[in-house]
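Participant: Taken in sequence, the protein lines are chains A and B. The first sequence: position 11 = 13 (this note's numbering), numbered continuously. The second sequence: position 102 = 104 (this note's numbering), numbered continuously.
What the hints contain is simulated information worked out from the structure, not anything from laboratory work. Keep in mind that the hints are not guaranteed to be accurate.
Remember, identical chains collapse to one label, so a pair may be satisfied in a single copy or spanning two.
Stated by the list, open to error - Derived DMTMM-like pairs (lysine to aspartate or glutamate); straight-line CA-CA distance at most 25 Å:
1) Lys37 - Glu63
2) Lys17 - Glu63
3) Lys115 - Asp59
4) Lys40 - Asp12
5) Lys14 - Asp104
6) Lys34 - Glu74
7) Lys14 - Glu74
8) Lys17 - Asp59
9) Lys47 - Glu63
10) Lys39 - Asp12
11) Lys90 - Glu74
12) Lys41 - Asp108
There are 2 protein chains.
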Amino acid sequence: MKQAILIRKDLKMGKGKIATQCAHASLNAAFKTLKKKKKKFNSWKAGGMKKVVLKVDNLKELKRYLSKAKRERLVTTIISDAGLTQIKRGSVTAGAIGPDDDQKIDMITGKLKLL
Amino acid sequence: MKQAILIRKDLKMGKGKIATQCAHASLNAAFKTLKKKKKKFNSWKAGGMKKVVLKVDNLKELKRYLSKAKRERLVTTIISDAGLTQIKRGSVTAGAIGPDDDQKIDMITGKLKLL
């Protein structure tokens, strides 16, 4: 079981901003999974809450991957920044898929590179 | 309401590693809060799950801040890396405090700088 977190490269965010957006995406998708797929959530939690942070080129690519994941009935989330620092208020910064079975996550995100 | 995530500067982790460790710390402390202080968790969630990522110089400083938080009965977590990449297996990389009231978090972490 693992969760994939997708972060936009093109916004050129600093590492603190990236960390915050990733934590936000991870939390949102984790809580959605807890509600909708409790068994999967529990098995992910028991296994140490494995997660990978992957980079996407831009908003279009981010949305494309999240749509692909939705079509496979995976839990997804998309994050907009509260926008107090660095980037334009309301910009979409990141997304997350899962947690779900490794092979389901890999089928969608397997081509993306680690941040 | 907010959550503080503390990350070690001295390990010189890359931004992907930092993002993963922060997400992990954030999730752990959030789920602990959900269990132990459900009202606080819900009010934090309703307010958009605000979080800040702060830097600490080293392991000693990280532990000092987490101990201070514990003495104030704040929820804390400490994260060790699974250690497959970049750093030594089992290294403590990060921690988190809260979510809890802004002023309680600030009282502990107010002197730390944003990552």
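Participant: Is it within, between, both, or neither for Lys14 and Asp104, if the alpha carbons may be no more than 25 Å apart?
Facilitator: Neither, since 29 Å and 29 Å both go past 25 Å.
Participant: Using 25 Å as the alpha-carbon threshold, which applies to Lys17 and Glu63: within, between, both, or neither?
Facilitator: both (21 Å within a copy, 20 Å between copies)
Participant: My question is about Lys14 and Glu74: at a cut-off of 25 Å on alpha-carbon distance, are they close within one copy, between copies, both, or neither?
Facilitator: Intra 30 Å, inter 38 Å, cutoff 25 Å: neither.
Participant: Pop the pair Lys39 and Asp12 into one bin, within, between, both or neither, using alpha-carbon distances up to 25 Å.
Facilitator: neither (32 Å within a copy, 38 Å between copies)
Participant: My question is about Lys47 and Glu63: at a cut-off of 25 Å on alpha-carbon distance, are they close within one copy, between copies, both, or neither?
Facilitator: Answer is neither; intra-copy 29 Å and inter-copy 28 Å both fail.
Participant: Should Lys37 paired with Glu63 be assigned to within, between, both, or neither, using CA atoms and 25 Å as the limit?
Facilitator: Neither. Shortest intra-copy (27 Å) and inter-copy (37 Å) distances fail the 25 Å Cα cut-off.
Participant: Could you figure out if Lys41 and Asp108 sit no more than 25 Å apart (CA to CA) within one copy, between two copies, both or neither?
Facilitator: within (20 Å within a copy, 37 Å between copies)
Participant: At most 25 Å between C-alpha atoms: does Lys90 with Glu74 qualify within a copy, between copies, both, or neither?
Facilitator: Result: close neither inside a copy nor across copies, 32 Å intra and 37 Å inter.
Participant: How would you classify Lys40 and Asp12 at a CA-CA limit of 25 Å: within, between, both, or neither?
Facilitator: neither (34 Å within a copy, 38 Å between copies)
Participant: Measure nothing new, just compare the shortest in-copy and cross-copy C-alpha distances for Lys34 and Glu74 to 25 Å and report within, between, both or neither.
Facilitator: So Lys34 and Glu74 pass the 25 Å test inside one copy only (16 Å; across, 31 Å).
Participant: Could you place Lys17 and Asp59 in one of the four classes (within, between, both, neither) given a Cα distance threshold of 25 Å?
Facilitator: The answer is both: 17 Å in one copy and 16 Å across copies each meet 25 Å.
Participant: Given a CA cutoff of 25 Å, do Lys115 and Asp59 count as a within-copy pair, a between-copy pair, both, or neither?
Facilitator: within (10 Å within a copy, 30 Å between copies)
Hint compliance for this structure: hints 1, 4, 5, 7, 9, 10 and 11 are broken, all remaining hints hold.
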